[in-house]
Amino acid sequence: LSDRYMDSREVREVIRTNTLEDCLSACLDAAIYACRSVSYNRTDGDCLLSQHNQLSKPALIRINNNPNYRIDYYENSCFNSRFAELTLLF
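So in the UniProt record's numbering, spot 38 of the sequence shown is number 38, and the numbers just go up one at a time.
Derived DEER-like restraints, expressed as beta-carbon distance ranges: (1) Tyr69 <-> Ser25: 20 to 26 Å; (2) Leu20 <-> Ser56: 20 to 26 Å; (3) Asn68 <-> Thr19: 19 to 25 Å; (4) Ser2 <-> Ala31: 25 to 31 Å; (5) Asp3 <-> Ser77: 17 to 23 Å; (6) Arg4 <-> Tyr33: 17 to 23 Å; (7) Thr19 <-> Pro58: 24 to 30 Å; (8) Asn68 <-> Ala34: 28 to 34 Å; (9) Leu1 <-> Leu28: 15 to 21 Å; (10) Pro58 <-> Tyr33: 16 to 22 Å.
Keep in mind the hints are simulated off the structure, nothing from the lab.
A virtual CB, placed ideally from N, CA and C, is assigned to each residue, including glycine.
Starting from the given sequences, assemble the full structure and let the hints guide the process.
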């Protein structure tokens, strides 16, 4: 979602990346926790990883109104698929 982001209270990890693709890959590769979403700051390259998404914490998705701060919100749809597969195995 353009100009949206997860509230900082729910950000699990912040890393500096060179590209959006690097940020999305970092979420997919997160091993210590289940990364469900990222907010990518196009202004400075900060990648904010979260274990929550708009389904688990809908009230904490914020709208960016600052024209000097470009940030977009992405969800890890692979996480939901993996969870469904694990559920079917049990």
